[in-house]
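Use these hints to put chain B onto chain Z, whose structure you have.
These protein sequences, in sequence, are chains Z and B.
Position 409 of the first sequence, counted from 1, bears residue number 409 in the working numbering, the numbering being contiguous throughout.
Position 57 of the second sequence, counted from 1, bears residue number 1057 in the working numbering, the numbering being contiguous throughout.
These are calculated hints, taken from the structure and not from any lab test.
One or more hints might be untrue.
Unchecked claim - So these bits of chain Z aren't anywhere near chain B, every CB distance computed over 10 Å:
1. Gln-180
2. Leu-283
3. Ala-314
4. Gly-328
5. Tyr-384
Unchecked claim - DSS-like mimics (lysine-lysine), calculated; alpha carbons at most 30 Å apart, straight line:
6. Z:Lys-201 x Z:Lys-190
7. Z:Lys-246 x Z:Lys-264
8. Z:Lys-176 x B:Lys-1070
9. B:Lys-1003 x Z:Lys-176
10. Z:Lys-515 x B:Lys-1003
11. Z:Lys-176 x B:Lys-1038
12. B:Lys-1009 x Z:Lys-190
13. B:Lys-1070 x B:Lys-1009
14. B:Lys-1070 x Z:Lys-354
15. B:Lys-1070 x Z:Lys-412
16. Z:Lys-117 x Z:Lys-2
17. Z:Lys-201 x B:Lys-1039
18. B:Lys-1003 x B:Lys-1038
19. B:Lys-1038 x Z:Lys-117
20. Z:Lys-354 x Z:Lys-264
21. Z:Lys-201 x B:Lys-1070
22. Z:Lys-117 x Z:Lys-152
23. B:Lys-1039 x Z:Lys-117
24. B:Lys-1003 x B:Lys-1070
25. B:Lys-1039 x Z:Lys-176
26. B:Lys-1003 x Z:Lys-487
27. B:Lys-1070 x B:Lys-1039
28. Z:Lys-487 x Z:Lys-515
29. Z:Lys-515 x B:Lys-1009
30. B:Lys-1009 x Z:Lys-201
31. B:Lys-1039 x Z:Lys-544
The beta-carbon is built from N, C-alpha and C at its ideal position, and this holds for glycine as well.
One letter stands for each residue in the lines below.
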Amino acid sequence: MKILLMGNPNVGKSVIFSRLTGVRVVSSNYPGTTVGFTSGFMKIDDEVAEVIDVPGAYTLEPTCEAEEIALRMLETGDVVIAVVDATNLERNLYLTLQLLERDVPVVIALNMWDDTKHRGVRIDVERLEGILGVPVIPTVALSGQGIKELVKSIPAAANSRISMNSRDERWAFVGKVVDQVQQITHRHHKWTERLEDASVKPRTGLIMAAAVLAASFYIVRFIGENLITYLFDPLFERLWLPVLMKLSNLAGGGGFLHDVVVGKLIAGEIHFVESFGLLSSGLYVPFAMVLPYIVSFYLILGILEDTGYLPRLAVLLDTAMHRLGLHGYAIIPTLLGLGCNVPAVLATRVLESKRERFIAATLVCIALPCVSAQAMIFGLVGKYGGGYVAIVYGTLFLVWIALGITLNHTLKGLSPELLIEIPPYRLPPWLTVLQKLFSRIRGFLIEAVPIILAAVLVINILFVMGIFDYIADFTAPVITGILGLPKEAVIAIIIGFLRKDAALGMLALSTLTVKQLVVGSVVLSMFFPCIATFVVLLRELGLKDLLRSVGIMIFLALIVGGALNIILPDFHIVR
Amino acid sequence: MVKTLTELKPEESGTVIEIRGGQGLVNRLNAMGVIPGKKITKVSSMFMRGPVTVQVNRTMLAVGFGMARKIIVEIDREAQ
Chain Z
1 MKILLMGNPN VGKSVIFSRL TGVRVVSSNY PGTTVGFTSG FMKIDDEVAE VIDVPGAYTL
61 EPTCEAEEIA LRMLETGDVV IAVVDATNLE RNLYLTLQLL ERDVPVVIAL NMWDDTKHRG
121 VRIDVERLEG ILGVPVIPTV ALSGQGIKEL VKSIPAAANS RISMNSRDER WAFVGKVVDQ
181 VQQITHRHHK WTERLEDASV KPRTGLIMAA AVLAASFYIV RFIGENLITY LFDPLFERLW
241 LPVLMKLSNL AGGGGFLHDV VVGKLIAGEI HFVESFGLLS SGLYVPFAMV LPYIVSFYLI
301 LGILEDTGYL PRLAVLLDTA MHRLGLHGYA IIPTLLGLGC NVPAVLATRV LESKRERFIA
361 ATLVCIALPC VSAQAMIFGL VGKYGGGYVA IVYGTLFLVW IALGITLNHT LKGLSPELLI
421 EIPPYRLPPW LTVLQKLFSR IRGFLIEAVP IILAAVLVIN ILFVMGIFDY IADFTAPVIT
481 GILGLPKEAV IAIIIGFLRK DAALGMLALS TLTVKQLVVG SVVLSMFFPC IATFVVLLRE
541 LGLKDLLRSV GIMIFLALIV GGALNIILPD FHIVR
Chain B
1001 MVKTLTELKP EESGTVIEIR GGQGLVNRLN AMGVIPGKKI TKVSSMFMRG PVTVQVNRTM
1061 LAVGFGMARK IIVEIDREAQ
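Isolated chain Z (complex conformation) (with noise of 0.2 Å):
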C-alpha cells in the first residue's frame, strides 16, 4: 500500500512524515526532475505500507514545477493523507477539496490543533467530517498528539462524492464550509504575531535580520570550534596518534608504503594535516577539520529553516537581490551554498527563469565557498588571526556583488518578482530538525571521505612518480609569475577539482607566506567547483552554459588572485 502525505506548503506534512515512518527514511529525486521527495515506511495492522511525503502544493492545476510532480505523484497512490493547517483553513481547503474530487481515498489531518486555541480559532470537527465524507483527525505532529488516531483512521480513508466544475465554485464551495464550521473570536495580538509583523517591515525587519544572521554565524563558529578544540583533536592526539606512531615504527619510518598509509615523517613527528598519509590527514581533514563545522552549519541551518524565518530574509533582501539579476528567494541556495553547493545548485530550481537560474548557480559556485572549503579556510589561515580571514571573506563577498551586477547588466531579460507565503513563526520541531541533521552529517560522510582518502592515495602516487613536477613547471609562469604562489600550488587546484578541503590542506603541504596562503585560499574557493558540483551544474545549466560559467570562473580566479597579488602587502609572518 502506498500512502501520500499531501497538503500546502508549511503545514508540517515533514513532521506527520517523521511521527509515521520513524528513522529509515530515503530522500530522493523525482525521476527526470530535480524536484525532492522523502519516502518511508509505517506499519498498520501488521502489514507494511510505503508513506512518501509529496512536494507542498497550494493547488492541482499546477503552477511550478514541484506542483506538476506533486500532481503526477497523486495518481500512483492508495490512500492520501491530507494535512491541512487548522489555522488557516480556509485556503488549506482549497487543495483539500481538490484531492476530494479524485477517485482516491482521504483521511484529512488536521494539523496544528494546539495553535487554533491561541489563534482564536474554533472548528466544529465533527460537523466537517460530515460536509466532506472523510474522516478528519486533529493533529498536533509536533507534540505527536492524535498521531495513532490518524493510523487507525486509515482504513476508513474514504472516497467523497464531491464534484466541482470551476475554480470560483470551489471557492464558493470553500467559503460555504468555513461558515459552517469555523468560528473565530477576536482577541489581542500575541507578541508572536507583533514579530512576525516586525520582521517583514523594512526598519525592524533589517536589524532583525542583521542579529538572526550574526548571531547564526557566531554560534555555528562556536560549535564548530568547541567540537575541534574539545572532542576531536583530543581523540586524535590522545587516542589516534599513539596507533599511528606504532604503525610508523612497524613500517620502519619511511619508504613509499608507509608514507602512503602513515604519511611523512615531519621532523620525526606525524602531523595530521601536512603528513599527508591516508591515516593521517586523510581520516583527520574529513573527521577532524570538516566534519565539526558540518554539524554546527547544518544545525543552525535546520533551525533557520524549520522555524520560518528564510522567507522573511527573502522578502527584506529582495530589492538587494534584484541589483544582482535574482530575486529574494535566491537567498536559499545562497546560504545553501555556504554547506555545499551540491544541494545549493539544485536549490536553484526554486527560481522560475532560466537565467536566474544561470546567475544564481554561477555566483554559487564562484563566490561562495562551501563548508568544506571554509572549515580549511579557517584552519589553515584563522591561526594567523582573523583578519586575513576577514580579507578571504570580503573579496569573495565583493566578487559575489560585482559579478551580480555584472552578470544581470550583460544577459538579456529581467529577474522574475517574487511571491511567497511567509508562514508564521514556529518553534522549530526537534524531532525533524535532527533527522535532517543526521542525514546531512551521513550524507558528507558517504560521499567525502572515500573521494578525500582516494585524493591522498593518487596524490601520493603521481608525487612519486613525478607527474607533478612536470605538471608544475608547465604551469609555473602563470601560478608563480600572476598569482605568486609557488609552483607546486598548481597541485592543489587540481586536487580541488575532486575535493576543496583536501586541496586546502594540500596548500599546508608547501611553505607558504600567509599572503600566499591567503592568495590561494581565494583562487582555491574561486576556481573549479569540485567534482560533484560540476556534474549537477552539467544537468542544471547545460553544456554550453557551463562552459560560459567555467570560462568566467577560470577569468576571475586568475583576477582576482593576480590583483591581491599586487595589492596585498607581504605582511611579514613567515610559517
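Quick look at chain B alone, frame taken from chain Z:
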C-alpha cells in the same frame, strides 16, 4: 476608493476587486488565496520598490512590486 496594492498604506485594508494580469499570474495568486472579493490587509512594503507584504485571510504573502501593482483593491469604507 479604488487603489492598487502598492498605493495602500501599511495597516490599511480593503477588498480585492480585480487582478489585472495574465492567466498565469491570476492562477498563482488564486491558489494562494488572493481572489476577487477577499479582504486584504497590507502589512508593510520594502523601500525602493521592494515587495509588498499582505495578509489575506490567515495567510501572509510577499508580492513583488510589479505584481502588487496589478492587484486592484477597494478601500474599506468604515476604515476611512
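To test your reading of the hints: which numbers does this structure violate? 3, 4, 10, 16, 20, 26, 29 and 31
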